[in-house]
Amino acid sequence: MLHFLRSSVGKKFIMGLSGLGLSGFVFAHMTGNLLVFKGAEAYNMYGHFMTHNPAYPLISWSLVLMMLVHAFLGILLTKENHSARPSAYAVQASPAKSVTTASKTMIFSGSILLVFIITHLATFKYGNHYDVEYGGQTVRDLHRLMVEAFQNPAFVVWYVVALIVMGVHLRHGVSSIFQSLGFNHPRYTPTIKWIGIVYAIVVAAGFISQPIYVYLVHQG
Amino acid sequence: MSANHSHSATSTQKAPASMTLTLKVWRQSGPHSEGRFEEYKVDGIVPDMSFLEMMDVLNQKLIKAGIEQVSFDHDCREGICGTCLMVINGSAHGPDRGVTTCQLHMRRFQDGDTIVIEPARAKAFPIIKDLSINRSAFDRITASGGFISVSTGNAPDANSILISKTAADLAMDAAACIGCGACVASCKNASAMLFTSAKVSHFALLPQGQPERTDRVLGMVKQMDIEGFGNCTNTGACEAACPKEITLENIARMNREYLRAMLVTRKS
Ligand code: HEM
Ligand code: FES
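Those protein sequence lines, which keep their order, are chains A and B. So in the numbering used here, spot 5 of the first sequence is number 5, and the numbers just go up one at a time. So in the numbering used here, spot 68 of the second sequence is number 68, and the numbers just go up one at a time.
Derived by calculation from the structure, the hints in this document are not laboratory data. All the pointers check out, no bait thrown in.
Quick list of in silico lysine to aspartate or glutamate cross-link-like pairs, DMTMM-like style, CA-CA up to 20 Å:
id: 1; chain 1: B; residue 1: Lys-188; chain 2: A; residue 2: Glu-80
id: 2; chain 1: B; residue 1: Lys-123; chain 2: B; residue 2: Asp-73
id: 3; chain 1: B; residue 1: Lys-24; chain 2: B; residue 2: Glu-53
id: 4; chain 1: A; residue 1: Lys-38; chain 2: A; residue 2: Glu-133
id: 5; chain 1: B; residue 1: Lys-129; chain 2: B; residue 2: Asp-75
id: 6; chain 1: B; residue 1: Lys-24; chain 2: B; residue 2: Glu-34
id: 7; chain 1: A; residue 1: Lys-104; chain 2: A; residue 2: Glu-80
id: 8; chain 1: B; residue 1: Lys-64; chain 2: B; residue 2: Glu-39
id: 9; chain 1: B; residue 1: Lys-267; chain 2: B; residue 2: Glu-212
id: 10; chain 1: A; residue 1: Lys-193; chain 2: B; residue 2: Glu-249
id: 11; chain 1: B; residue 1: Lys-123; chain 2: A; residue 2: Glu-80
id: 12; chain 1: A; residue 1: Lys-193; chain 2: B; residue 2: Glu-239
id: 13; chain 1: B; residue 1: Lys-222; chain 2: A; residue 2: Glu-80
id: 14; chain 1: B; residue 1: Lys-188; chain 2: B; residue 2: Asp-96
id: 15; chain 1: B; residue 1: Lys-123; chain 2: B; residue 2: Asp-139
id: 16; chain 1: B; residue 1: Lys-222; chain 2: B; residue 2: Asp-139
id: 17; chain 1: A; residue 1: Lys-38; chain 2: A; residue 2: Asp-141
id: 18; chain 1: B; residue 1: Lys-64; chain 2: B; residue 2: Glu-38
id: 19; chain 1: B; residue 1: Lys-41; chain 2: B; residue 2: Glu-68
id: 20; chain 1: A; residue 1: Lys-104; chain 2: B; residue 2: Glu-239
id: 21; chain 1: A; residue 1: Lys-11; chain 2: B; residue 2: Glu-249
In this text, all values refer to a predicted model and were calculated from it rather than measured experimentally.
Start from the sequences and build out the full structure, keeping to the hints where you can.
Structure representation (structure tokens):
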């Protein structure tokens, strides 16, 4: 087991598994939050349900673990990769032999995501705690916190940029999961590549629509 | 051939235009010395020359001028041996897919072009001199499992081992690898996964490869990591640069083979 984790193939495998979990999470997170378009109550009740169910500790701790492992391995792999190519070439490869920018910049997009995720958790999960009552039940008023946060246009812009970066990370990442886990087949891989691109666009656009909507509609 | 015919042929045929090129060539006197680009002008290059013939013209010129020739590797000059790897304008084996440097023709370039010529750069491929690199890391990976055991004695009957056409074709595709190192040269991580996976796939797909199937992939991946190659990030640069068009499918197969071997091996 330890041999596996130390090997290049094993580390890639763990990268793929953690990437799979995180990609699944961002999709679920994005779709759930679309309830912002329905209204404050739906949004808050959804948030309440997500944090008050028996699976919550398991899910949240596995996400934390996946995030830590993914970021740690991503940084470690990048360091190893840099030392394997100590001097760069003077010229860029020809068009026929070049690859997508998204695939070459995973550590760059990933690092921005790391900063984004930390500030995101600090703003919302560990931000001001407001309460609201719906039919006698007191729940956290995340909607109010969010509306407050997105009054600041600079904050909205930062979200849009960070979420585009997430889209770029997923554009290479999603199809890459299959390759890392050992699945590549001429019949399916071209389709998987397309699904990866569509997935990235849907997740990024779905998320981006929310701060923009809140900024435009809920003027404080 | 009638005199008439040959006359009309030459009068309509344009003589191949001869090109003058500026070459920026990496010069490095030894593994531990500092390298740098030197600029040379070559003329009289005709479009039908191969890239290596152009390098020969350069070296002739250098010899006449009393300058030390550029060291570069070459052997078969027909795309079989894989030694001629160099990085031409940033691309391993030059701008086109599916060819080695020796199969690249000068008609791909234009009069007045500047061509930057570098060695493959990877920690695991130390530069011997100029464009010559030491690829013995590949030999050590191969020695760690890229072989099959055969019994001595009489030759077995032909076709006595059954192989499906699909498996034979896939194994043949993987076996096309000439070990040139273009995958390592082109990968931003200097990863040797395409090479290693081609060897692993070649044998894993064939019945003759089964006895060592588990140990092979474990041994080869281990040696690959020891040699200091980088980790694959699935960019696909190797596949694009491979003169034999070995595909990423082989790397996925190696990942599967490795996982399987890890699960079934009895060795610690
Ligand atoms: C929401 C957060 C994130 C998601 C959904 C995500 C998703 C993914 C996916 C699906 C992959 C492809 C895995 C593979 O090739 O098998 C990947 C690769 C990668 N990620 Fe992330 N990631 C996230 C955050 C991060 C962070 C915070 C970092 C770094 C600090 C990071 C760095 C990397 C790197 C360097 C790779 C390429 C590694 C490789 O291919 O070997 N990612 N990511
Ligand atoms: S010299 Fe043998 S492949 Fe080019």
